[in-house]
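Colleague: So the chains spell out like this:
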Amino acid sequence: MSLKEQELKKMAALAHLEIDENSIDQLAMDVSAMIHFAEQLHQINTDEATPLTHPLNLLQRLRPDEVTEVNVVNQLDGIAPLFVDDLYLVPNVIEVEK
Amino acid sequence: MSFQTVIGLEVHAQLKTQSKLFSGTATTYGAKPNSQTSFIDAGLPGVLPVLNEAAVKMAIQFGLAIKARIHDQSIFERKNYFYPDLPKGYQISQFQHPIVSDGQLKIDLGDGQLKTVDILRAHLEEDAGKSLHDISNTHTGIDLNRAGTPLLEIVTTPCLHSSKEVVCYLKSLHQLLLFLNLCDGNMQEGSFRCDVNVSLRPIGQQTLGTRTELKNLNSFKFIEKALAYEVQRHTNLLLDGQPIHQETRLYCPVKNCTEVLRRKENENDYRYFPDPDLLPIAIDQDMVLLLKKTMPALPADIRSSLEKDHLSTEDIDYLLTSPAVIQYFNDVKTHSHAEPKMIVNWLKGVYQAALHEQQLSFEQPPIAATKLATLLNKLQDNVISNHLAKRIFAHLLSKDEDIDFLIKTYGVEPLNDGKDLDAIIKKIIETYKSQADDYRSGKDKLLAFFVGQVMKEMKGKVDPAAVSERLRLMLREL
Amino acid sequence: MDTSSLRSLITGLKNGTFSSTELTTHYLKRIHEASSLNAFITIDESAALLAAAAADKAIKNGSAKTLTGIPIAHKDIFCTNTMPTTCGSKMLADFYAPYEATIVSHLNNEGTVLLGKTNMDEFAMGSSNEHSHFGAVKNPWDRSRVPGGSSGGSAAAVAANLVAFATGSDTGGSVRQPAAFCNLSGLKPTYGLLSRFGMVAYASSLDQAGILAHSADCLALVLNSIAGFDEKDSTSVNKPIPNYETTLTDSIKGLRIGLPPCFFQKEVDENIQKATHDAATFFKEAGATIVELDLKRHALWAPCYYVIACAEASSNLSRYDGIRFGYRSKNAKTLTELITRSRSEGFGMEVKRRILTGTYVLSSGYFDDYYIKAQKVRRLIQNELEQALSTVDVILGPTTPTCAFKIGSTITCPTQRYLADIFTVGANLAGLPALSIPAGLKDGNLPIGIQLMGAHFSEARLLNIANIYQQATQWHQLSPENHRGAS
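Chains as they are written, first to last, in my numbering: chain A, 1 to 98; chain B, 99 to 576; chain C, 577 to 1063.
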């Protein structure tokens, strides 16, 4: 089953990735190949199986409700690409309407 | 064609924990931007979430209060989408396996009408940060202090059919959360947020119509208005044979209408899947039993017990305004043999007025419950008049003193010894004839002058209110 | 200076034969001389020398710990707060983490000397270290070939004796496969034994930190310092940690070793098959029993792994949006452009391929048929392996189907590349510990690795078995310099 260009673009939009026109065919082929590879899973009957998320049968540990973190705004500032007056800045406009 | 309105509600209540859902960062409101944002809250590479025990306990308590099913295993899932105030590019929430499901809340619509609202589920999830759009012409500022704060999302079935039912349910839910001490319920600060799902269907039809979701409803007033607008909008479209698009709409208070959020955002595929950084939450019965034992009293139960004290619905409604009020009432009652009705009247009237003036609340009462109890005991025993009690109360607001001492200080002649008083009043009216004339021709403020004069004569040993009344009468007659 | 093994280094330092400063200087020189391997992304000489001086002080005043003064490297996936953590990506090329990974803290506390951060496939996605923003790494055994991946830089650094040992990460074989390609001993412990805090996530339910060293003996020493519960990692296991050294020389008589025939398909290089069978013979002669194991579901390991790994990765990598850290596009006028262009310009092709695949398998309409299906298959795979490991003590097999391949040879066919993992992904899917050790050379110069996989928390046993093998054989002692003529 091969991935149509349209489907790939839809996935790219969901993943917020831009694919330039030169790469799109190759990428569509590559991802199709991966999906096709994955289809081998359909050969096996899994009716009796429950999904496995974690390899160990463990349960979530609970942390006491205590404040343990301090103000690290200076460190956040230090690694942020655009940080002014204690705020992360992003463009105002979400998208240009086409 | 007549339509039935069908409404389902989603409330996001911020839980009153000290720290965030998955990190040990403080949750206090109003801190400087990004000063309550840890590396985990900021979604930096390699950081991991660890679950807050108190949030789980609060969810269980809510479940117990609405007699819901508390699942002994529930799962956190990732809701994937991109937005600047969502640092990880996904929100940790619960989808297929919520912690609580299938509960009920009974609400009183008034006039003896009761309704049972079905609560489909309540689940834990983390809040997003805040986008500040007004900081510049070109940029939006992102503050992540709120990111990671625990939310309990409470979802009803589509079982509500009017604005009245909606507001009644929300108020009851709000009160319940307050009384369980799970949420501070502050709608202005965003601790209690409501989204409304509304659809219409022809009366008698079983299947639901297409619904729209309304957001940005910051007050009960807005909810009523938004619903009214939206129901009309649906009605118009349906009567016109037009389709209703399943979409999210924002309420615009300025224009009093709802507007569609860009369609693109409506088409998000969230790709929910179990969060691999978190393990299933297991709740054992011992924890549930302990929480049941230590749960605060529910509003409905408090109401039943107050009804036994023969208090009116309005009185009980007042006492159930907040846990602090009922707590104060109970404290007074413990230390006083005054009638419950008398206590409520005092709280509702004199005390509430004083609180309002001084911008205080029963959370920090200016007069201790034990003190008020003593005062009301004196009143109950007819040792003092209602009037004197009020004077003493006023005094206590500014300075705390022994009540017996105050009674002595304000000690007045009994009013039935009025002959002396009348003689003095008569004398003063005759002395200040022109002022008396002015008073009679409409200068009401002069009454205070006369009261002052009488008080001086009586060397203060008389109740100024009684004097005032007597003066008013006699100034008219003479 | 006898730098032949970690133990000889420890002895040398303890006895004062050489100092940590001398050792560090020695390794830094070698790193410079071998810079064409491209094993390192960041080297911090001055910090290393400072740490070495501190270590020397501790050694002199008797406060040294086992690994104090030992020069090491961390795969550039572990956050360090003294040098960048790039994950081999343009996206994080200038990222200075304000915190450090728990594994890094453990080794710092041990007094090790950090020389630098090693090159890797971008965000740990790859089996050849050809997908790094910082260029491909070369295999010290044959510089026209890959060292394996994604921990290729760490493997090359240890194999070329540029450090005593290095950390790696293993999601589908990224420690074991490079170990096999570079003639090293590489361990991926049980899921949850080592903290994942500060280890940049690729696929959270599969990722585990690992170690690359010259022998099982070294692995045991290092594992002692880094294993254990971490409250900052919800998936960290709270269990008492044994001393992995004390059981290294236990007898393996009576050991039951499973050998699955399905591991010997025609695609597996015949030299590798032979080396594996030879190892089985060795174990038999040492008193173990070889048991034929039928792993019916083996063929599903790789497809199952890729669905789950890509799905989790597509979500884990959503945080890279140019807003709070990392690469930010200069070509963005709107918010959508900012996020989309930062990601598109910051990520390489392999990462994009996996994110797109992961997005696809999680998307509505495909979720049940791919993601849920894969999770169910994962359950069946784990069941089969656990069942097998209840009948044998360890499963033996080749680590990889081929030896190190030529750089650039698999670029044209991504799925071909993915077959490199067919023996290693099973351990990640089931959360089992597994290690790769050298077992021969193909044509006298290309390393061959065999893999031992055990039940949950059986690391001590695996290291023991590997150690017995290494005490009787010399494959692990060969290096790119001294192997000529070995057969």
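Don't take every hint at face value.
To be verified - Here are the simulated DMTMM-like cross-link-like pairs (lysine to aspartate or glutamate), alpha carbons at most 20 Å apart as the crow flies:
no. : chain 1 : residue 1 : chain 2 : residue 2
1   : A       : Lys10     : B       : Asp367
2   : A       : Lys4      : C       : Asp826
3   : B       : Lys130    : A       : Asp85
4   : C       : Lys909    : A       : Glu18
5   : C       : Lys666    : A       : Glu18
6   : C       : Lys666    : A       : Asp20
7   : C       : Lys909    : B       : Asp183
8   : B       : Lys177    : C       : Glu846
9   : B       : Lys130    : A       : Asp20
10  : C       : Lys909    : A       : Glu69
11  : B       : Lys524    : B       : Asp542
12  : B       : Lys114    : A       : Glu48
13  : C       : Lys872    : A       : Asp47
14  : B       : Lys228    : A       : Asp85
15  : C       : Lys872    : A       : Glu69
16  : C       : Lys906    : A       : Glu18
These are calculated hints, taken from the structure and not from any lab test. All values derive from a computational prediction rather than experimental measurement.
Colleague: Each hint: holds or not?
Modeller: Quick rundown of the hints versus the structure:
1. A:Lys10 with B:Asp367: The given pair, whose Cα atoms are some 10 Å apart, holds under the 20 Å limit.
2. A:Lys4 with C:Asp826: 58 Å, violated
3. B:Lys130 with A:Asp85: Given that 20 Å is the threshold and the Cα spacing comes to 10 Å, the pair holds.
4. C:Lys909 with A:Glu18: 15 Å, holds
5. C:Lys666 with A:Glu18: 16 Å, holds
6. C:Lys666 with A:Asp20: 18 Å, holds
7. C:Lys909 with B:Asp183: 18 Å, holds
8. B:Lys177 with C:Glu846: 47 Å, violated
9. B:Lys130 with A:Asp20: 42 Å, violated
10. C:Lys909 with A:Glu69: Status violated; Cα separation ~35 Å.
11. B:Lys524 with B:Asp542: It holds: about 18 Å lies between the C-alpha atoms, which stays within 20 Å.
12. B:Lys114 with A:Glu48: 43 Å, violated
13. C:Lys872 with A:Asp47: Distance ~17 Å between Lys872 (chain C) and Asp47 (chain A) Cα, so the pair holds.
14. B:Lys228 with A:Asp85: 15 Å, holds
15. C:Lys872 with A:Glu69: Roughly 50 Å separates the two Cα atoms, so the pair is violated.
16. C:Lys906 with A:Glu18: Holds, because 15 Å separates the two Cα atoms, which is no more than 20 Å.
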